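Please construct the entire structure, taking both the sequences and the accompanying hints into account.
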Amino acid sequence: MTIDNGMTFLQSNVLHKRNGSLYLMGIGIHTPSSSPQPRPSGVGYRVEWVSYMRKIESPTASCGLPDGCEQLNVNTQVAEKPKRINYRKLAFEQYDPVCAHCGFGIPAVLEVAHIDRNRHNNQVSNLVILCPNCHKMYDLDLISMEIIIQMRDRPKAVNWAVRMKDAGQKAALKRKWRLAGKKAAETRRRNQESKN
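For the sequence shown, position 28 (counting from the first letter as 1) is numbered 27 according to numbering that gives the first Met the number 0, and the numbering increases by one without interruption.
In case anyone wonders, no lab produced these hints; they're calculated from the structure.
Each hint should be verified, as a subset may be incorrect.
BS3-like mimics (lysine-lysine), calculated; alpha carbons at most 30 Å apart, straight line [as the list claims (entries may be wrong)]:
| id | residue 1 | residue 2 |
| --- | --- | --- |
| 1 | Lys-175 | Lys-194 |
| 2 | Lys-155 | Lys-169 |
| 3 | Lys-181 | Lys-194 |
| 4 | Lys-88 | Lys-155 |
| 5 | Lys-88 | Lys-135 |
| 6 | Lys-82 | Lys-169 |
| 7 | Lys-181 | Lys-169 |
| 8 | Lys-135 | Lys-155 |
| 9 | Lys-182 | Lys-194 |
| 10 | Lys-169 | Lys-182 |
From a predicted model like this one, the values you see are computed outputs, not experimental measurements.
If you want it as structure tokens, here you go:
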């Protein structure tokens, strides 16, 4: 319900009777502020909360305290709704778009896992990009947290020397044998033709 001064009624806390009239203590919300206050976790809040008292019999009354009624101090604890953070976008901006464990690299299929398994901790250091299979294995503790962190932070450079080892030497030797075999076959064919 909207109150006449633009505040939105959220929750009633206390009914108070003063001078024969009922007053409602409640919490109202102002329009969102243009600059959210950043928190240490990086979460910003855009809501300003205020408490008010209103006379129930008069729906057009202002939200201020009426005459003859003293303000009650009501301790209310209001939970602020945090602004949603796109942690997937944060992770893909910070890390390579491949699975940190197996190297699978189709971004549309990749998922972002929380290393400490706390989905409210969206700090970049707590995020890791995994494929669905590795994510499930990590959640089942088949892949350790230390391995995930180590593989996420290692450089993703391909070292072909490890794969090639002595491939150049093997290829050269194979070429030499192939040419020698072709030459021997040609020589045998010529020798056969000269005998006939």
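Here is what the structure says about each hint:
With a C-alpha separation of about 29 Å, the suggested pairing of Lys-175 with Lys-194 holds against the 30 Å cut-off. Restraint check: the Cα-Cα separation between Lys-155 and Lys-169 comes to about 28 Å, which is no more than 30 Å; the hinted pair holds. For the hint linking Lys-181 to Lys-194, the alpha-carbon distance of about 20 Å falls within 30 Å, and the restraint holds. Proposed proximity of Lys-88 and Lys-155 is supported: the alpha carbons are some 20 Å apart, at most 30 Å.
Straight-line distance between C-alpha atoms of Lys-88 and Lys-135 comes to about 21 Å, which keeps the hinted pair within the 30 Å bound. Straight-line distance between C-alpha atoms of Lys-82 and Lys-169 comes to about 60 Å, which puts the hinted pair past the 30 Å bound. For a cut-off of 30 Å, the pair hint linking Lys-181 to Lys-169 stands: about 18 Å separates their Cα positions. Taking the CA atoms of Lys-135 and Lys-155, the gap is near 23 Å; set against the 30 Å cutoff, the hint holds.
Of the pairs offered as hints, the one joining Lys-182 and Lys-194 holds, with about 19 Å between alpha carbons and a cut-off of 30 Å not exceeded. The hinted pair formed by Lys-169 and Lys-182 meets the criterion: a straight-line CA distance of about 20 Å does not exceed 30 Å.
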